[in-house]
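Q: Residue strings, one per chain:
Number of protein chains: 2
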Amino acid sequence: MQILEDRDKPLSKQSISIMALLGVPIIEHGDDVADAILKTLETSNIQLLDDDLVIIAHTIVSKSEGRVVHVDEVLISGRAREIADQNGFDPVQVELALRESKEVIRSEGALITETKTGIVCNFSGVDRSNAPEDSYVLLPENPDRSARNILRKLTNATGARLGIIITDTQGRPWRKGSVNLAIGSAGINAFKRNRGKQDLYGRTLRSSTVCQVDELAASAEPLMGQADEGVPIVIIRGYEYEDGSERSSDVPRPKSEDLFR
Amino acid sequence: MQILEDRDKPLSKQSISIMALLGVPIIEHGDDVADAILKTLETSNIQLLDDDLVIIAHTIVSKSEGRVVHVDEVLISGRAREIADQNGFDPVQVELALRESKEVIRSEGALITETKTGIVCNFSGVDRSNAPEDSYVLLPENPDRSARNILRKLTNATGARLGIIITDTQGRPWRKGSVNLAIGSAGINAFKRNRGKQDLYGRTLRSSTVCQVDELAASAEPLMGQADEGVPIVIIRGYEYEDGSERSSDVPRPKSEDLFR
Numbered sequence: 003m004q005i006l007e008d009r010d011k012p013l014s015k016q017s018i019s020i021m022a023l024l025g026v027p028i029i030e031h032g033d034d035v036a037d038a039i040l041k042t043l044e045t046s047n048i049q050l051l052d053d054d055l056v057i058i059a060h061t062i063v064s065k066s067e068g069r070v071v072h073v074d075e076v077l078i079s080g081r082a083r084e085i086a087d088q089n090g091f092d093p094v095q096v097e098l099a100l101r102e103s104k105e106v107i108r109s110e111g112a113l114i115t116e117t118k119t120g121i122v123c124n125f126s127g128v129d130r131s132n133a134p135e136d137s138y139v140l141l142p143e144n145p146d147r148s149a150r151n152i153l154r155k156l157t158n159a160t161g162a163r164l165g166i167i168i169t170d171t172q173g174r175p176w177r178k179g180s181v182n183l184a185i186g187s188a189g190i191n192a193f194k195r196n197r198g199k200q201d202l203y204g205r206t207l208r209s210s211t212v213c214q215v216d217e218l219a220a221s222a223e224p225l226m227g228q229a230d231e232g233v234p235i236v237i238i239r240g241y242e243y244e245d246g247s248e249r250s251s252d253v254p255r256p257k258s259e260d261l262f263r
Numbered sequence: 003m004q005i006l007e008d009r010d011k012p013l014s015k016q017s018i019s020i021m022a023l024l025g026v027p028i029i030e031h032g033d034d035v036a037d038a039i040l041k042t043l044e045t046s047n048i049q050l051l052d053d054d055l056v057i058i059a060h061t062i063v064s065k066s067e068g069r070v071v072h073v074d075e076v077l078i079s080g081r082a083r084e085i086a087d088q089n090g091f092d093p094v095q096v097e098l099a100l101r102e103s104k105e106v107i108r109s110e111g112a113l114i115t116e117t118k119t120g121i122v123c124n125f126s127g128v129d130r131s132n133a134p135e136d137s138y139v140l141l142p143e144n145p146d147r148s149a150r151n152i153l154r155k156l157t158n159a160t161g162a163r164l165g166i167i168i169t170d171t172q173g174r175p176w177r178k179g180s181v182n183l184a185i186g187s188a189g190i191n192a193f194k195r196n197r198g199k200q201d202l203y204g205r206t207l208r209s210s211t212v213c214q215v216d217e218l219a220a221s222a223e224p225l226m227g228q229a230d231e232g233v234p235i236v237i238i239r240g241y242e243y244e245d246g247s248e249r250s251s252d253v254p255r256p257k258s259e260d261l262f263r
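Each protein sequence line maps, in turn, to chains A and B.
Per the working numbering, the first sequence starts with residue 3, numbered consecutively.
Per the working numbering, the second sequence starts with residue 3, numbered consecutively.
Among these hints, one or two may not hold up.
To be verified - Chain B stretches covered by chain A per the calculated footprint, using a threshold of three residues with CB under 8 Å from any CB of chain A: (1) 71-84; (2) 178-188.
What the hints assert, rightly or not - Heads up, simulated PhoX-like pairs for lysine-lysine below, C-alpha to C-alpha not over 25 Å straight-line: (3) B:155 to A:178; (4) A:118 to B:178; (5) A:178 to A:155.
For the record, the hints were derived by calculation from the structure and aren't laboratory data.
By construction, the Cβ of each residue, glycine as well, lies at the ideal position given by its N, Cα and C atoms.
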């Protein structure tokens, strides 16, 4: 029996590798995320190949786009103060969450909003983790556009067919604990469908739609971690995917299809 | 610059490998899932190593435990008939979903239930995909127990420290498309916590809880697929995790903590 002792050696040809890109510098307003990725790849002696997926923690995209607010810039409204007081929340975070939202879905026990880009999440994704001192990081204004811009630059520089997924770690209504999911993407369709595929018994399955960008975002989180690991970029190699017209902004259910609003 | 042309070669030491275990036989009632895994590993010349995770599609666990119901065994109640008629659902699937549930959460537009084991999902997880002709596969009666039993046998046979995750592909209330998630687990804590860890700016983060078993289940689905791939077992190597007392049955929010019921 062959013994695969080497943890870094994959077990068969039908396998996917998920790799942390180490040494990505801290990104500040105006820094170019694609340039930072390309430089880090070069330093790491890594070349992107066709069909590689580049998974990016949204924090560095937000920072590069100036989506960081200092506490001194924030005037707290009466409504934000009220929600904060009732729930023991940080009033600045509540104020920014309200500004980023187009609808408040729950404000008791949690502050769940629909963001202007249609994502339903806690605090409109406004977070203090990995933000500069006394500052808050907002989600990118249009994460699919951000992904598209990064994809264009990486494709131009490398010539490879790539997919980009921008992620955030968010809670779920029915399940405890947060998971990493896709908020922006380019070069890969948001969903995959097994329409027409046959099951083990040779019957054709009815339509089934899987959100592949969320699954891929989730599979990158174990290497990203959430705090001092400082691994905002993960590369996934060996996953077969198709592009299409569906983006991460198509993933949140619109209000009309949401059974729980 | 080093060019990594080989798709199967991981890119750095900080990487995770996800591998499909090919050639797992069709499992029937009374077959032992752990034995099937061990035999397939041997045929494939693969040896499980310490800290490997074995991800198992619940279908084969359900079948081995006899959790398969033939349509002829099902007497459809008036309530099931009514829900099926109103929504255009399969009345047999509705009847089985009601029997498997302890509470119906929605029955218009979707049939969302809380199963007897506390999972909130569509049709109590009752499914026809990959079920024998005219039959339905139910979720395992106690998926954490199933995972524990498989873990014990694999540990005894291999001597390796392992984790087991039993998965199902389910929809989400706020996001379109289904994702693979954990319904049973053993040898790995359901959650990981970054309490006390510092962020990039040296501040200690407040508690943040990530559902690692759901993320790992999601990362296995791309190789499992849902239909004729017939890949019910995936091995994850290179992920560092701890065990603990929290299991997959601790992941669904209890009704008292669910803001949307």
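Q: Three residues or more, CB to CB closer than 8 Å: is that satisfied between the stretch 71-84 of chain B and chain A?
A: violated (count 0)
Q: Tell me if the straight-line CA distance from residue 178 of chain A to residue 155 of chain A falls inside 25 Å.
A: The given pair, whose Cα atoms are some 38 Å apart, is violated under the 25 Å limit.
Q: Just to make sure I understand the rule, a stretch counts as covered if three or more of its residues have a C-beta closer than 8 Å to a C-beta of the chain. Does the stretch 178-188 of chain B meet that for chain A?
A: With 6 residues close enough to chain A, the hint holds.
Q: Keeping to a limit of 25 Å between CA atoms, is the pair of residue 155 of chain B and residue 178 of chain A held or broken?
A: Since the Cα atoms of residue 155 of chain B and residue 178 of chain A sit roughly 29 Å apart, the hinted pair is violated (cutoff 25 Å).
Q: Does the structure keep residue 118 of chain A and residue 178 of chain B at a Cα separation of 25 Å or less?
A: Given that 25 Å is the threshold and the Cα spacing comes to 18 Å, the pair holds.
In summary, the structure is inconsistent with hints 1, 3 and 5 from the numbered list given earlier, while agreeing with the others.
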